[in-house]
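*Asks:* These protein sequence lines are chains A and B, in that order. Take 1 as the starting number for the first sequence in the numbering used here and just add one per residue. Take 1001 as the starting number for the second sequence in the numbering used here and just add one per residue.
Worth flagging that the hints you see were computed from the coordinates, not collected in a lab. Even glycine gets a Cβ: it sits at the ideal position worked out from N, Cα and C. Wrong hints could be hidden among the right ones.
Computed far set for chain A versus chain B, every beta-carbon distance over 10 Å [said to hold, decoys possible]:
id	residue
1	Lys-40
2	His-64
3	Glu-267
4	Ser-343
5	Gly-361
6	Met-374
Chain A stretches covered by chain B per the calculated footprint, using a threshold of three residues with CB under 8 Å from any CB of chain B [as the list claims (entries may be wrong)]:
id	stretch
7	70-81
8	252-265
Think about it this way: if two alpha-carbon atoms lie no more than 27 Å apart in a straight line, the pair counts; the simulated DSS-like pairs of lysine-lysine are [claimed, not checked]:
id	chain 1	residue 1	chain 2	residue 2
9	B	Lys-1115	A	Lys-334
10	B	Lys-1104	B	Lys-1070
11	A	Lys-170	B	Lys-1042
12	A	Lys-118	B	Lys-1124
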Amino acid sequence: MGYKSFDEINEKIRSGKAVVATADEIIDIVAEKGVKQAAKEIDVVTTATFGPMCSSGVFINFGHSDPPIRMAKVWLNDVPAYAGIAAVDAYIGATEVSDKAESMYGGAHVIEDLIAGKDIKLYAESYGTHCYPREEISTYINKSNINQAYMFNPRNAYQNYSAATNTSNKTLYTYLGTLLPNCGNVTYSTSGQLSPLINDPYYRTIGIGTRVFLAGAQGYVAWEGTQHNPEQKRSENGVPMGGAGTLALIGDIKQMDTRFVRAAIFEKYGISLFVGVGIPIPILDEEMLLQTTVKDKDIFTNIYDYSVPLRSRPAIRSVSYEELRSGVVELNGKKVTTAPMSSLKKAREIAQLLKQQIERGEFLVSQPVASLPMDNKPNSLDIRGAENEKD
Amino acid sequence: MKKIKVSLYYPATEVTKPITYHLIKDFDLQINILNADISLNKVGKLVIDIIGTEWNIEAGLKYIQDQGIKYKLFTRSLIWQENACVHCGACTAVCPSGALAMDKQNWSLTFDKEKCMVCELCVKACPLKVMCVTI
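Produce the entire structure from the sequences given, and follow the hints as far as they go.
*Replies:* Printed below as a string of structure tokens:
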């Protein structure tokens, strides 16, 4: 029959007998044993990524003070948090900048400090109500004296992403790092053949409800991520040739570890958060196994000219991740050095750790409760109402 | 034997002088060129390591000055706080000397102090701010 169910795989995990490989290791295993044999033997393939993901943040419930306050505006270590929800709930977004320290400290740093167990200064204002009379509060919080504190990242784990260069004669400072003038470098951000959605390109096993490794905690896929674009052009192996699927992830920060989540500052761009994500792929059948054997040489992206500040930037050329990883690519006859922006070393560490957790029976795979959409194209934002139009 | 790192600043009129030849031949100094930006009729810059006896280095530096070329010794050095580094590679995008590079096997960042010109581009490019310079 050649098919293993999620339950059968979990049974093996629980009894400590599951055979697990990382998405790097599986390539050689299948080359050696063949697909048929390997599909019988291997139960789970682990994938991972560790890159800057701006669309990240944490929901916090602070608990009630006495007398209580209905917090209308909230600052955490002088970084504004969104408080337009219930009385003592707030959301601290990774890219929010401190009102005081000008771009050197932001939401991502608050999140990292919170996970590290440090005290965070909480300041909140209110207009005072009959049931919440307090108008101001200034105190300290940390991860053990607050209630729920869960990371909810609207967009993580991008299925492929563009590479960047700069054809202008000025240095550009971007979220893909510093781009030197006259195509002085090319930067890219991926874990390639180890990347979660590249190993399950049609979202067969990764869907809503999938248990994931999120910054050290066991989290879940909550929804499709924002800008989820499954209709991106794909290569023959099914892997999209540019930014495609994305995941919204959720997980308890009290279980997280700063080894796998770090604040980042991109010069003259802003603040972001490095997030470590690991996703196990259950090997249901030979087809699923084959998808996980994808190699960097068969994954392609486009190098875009970031000196054109438009939504539709010109693509300079298509390139494989093997070529990008080699350290040099050719652009218009010129050899240009490449540099990664996401840590493959960290991604490998996460894939190994997740493998060990599954082998020890501590991390079970989960069947999605619903699939991610396969037909969804992101809209763009058109500018309307510029003249007398009111809508 | 002593080793120093130095930048030479050539006025446009002096770029034709075979300075390194004389440093080697007349002062018995070992010269290792780390970076060179020299074009005819333009101001130029040369970054070199010099190895030799203290006496010879001093005499060599005096010779450079006598030729109308200004020099500046590297007194600062780059410190990589390796423990705090996540090995993303962002710094390697800007490093002009190749001192910062990725190990292609384990994808760790590597730092070759000898090649570093202390240009400090990495200090700003590092998203985790783990690069700094000694004062």
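*Asks:* It remains to establish, for every hint, whether it holds in the given structure.
*Replies:* Hint by hint, here is what the structure shows:
no. : hint                      : result
1   : Lys-40                    : 31 Å, holds
2   : His-64                    : 36 Å, holds
3   : Glu-267                   : 5 Å, violated
4   : Ser-343                   : 4 Å, violated
5   : Gly-361                   : 29 Å, holds
6   : Met-374                   : 32 Å, holds
7   : 70-81                     : violated (count 0)
8   : 252-265                   : holds (count 4)
9   : B:Lys-1115 <-> A:Lys-334  : 24 Å, holds
10  : B:Lys-1104 <-> B:Lys-1070 : 39 Å, violated
11  : A:Lys-170 <-> B:Lys-1042  : 21 Å, holds
12  : A:Lys-118 <-> B:Lys-1124  : 26 Å, holds
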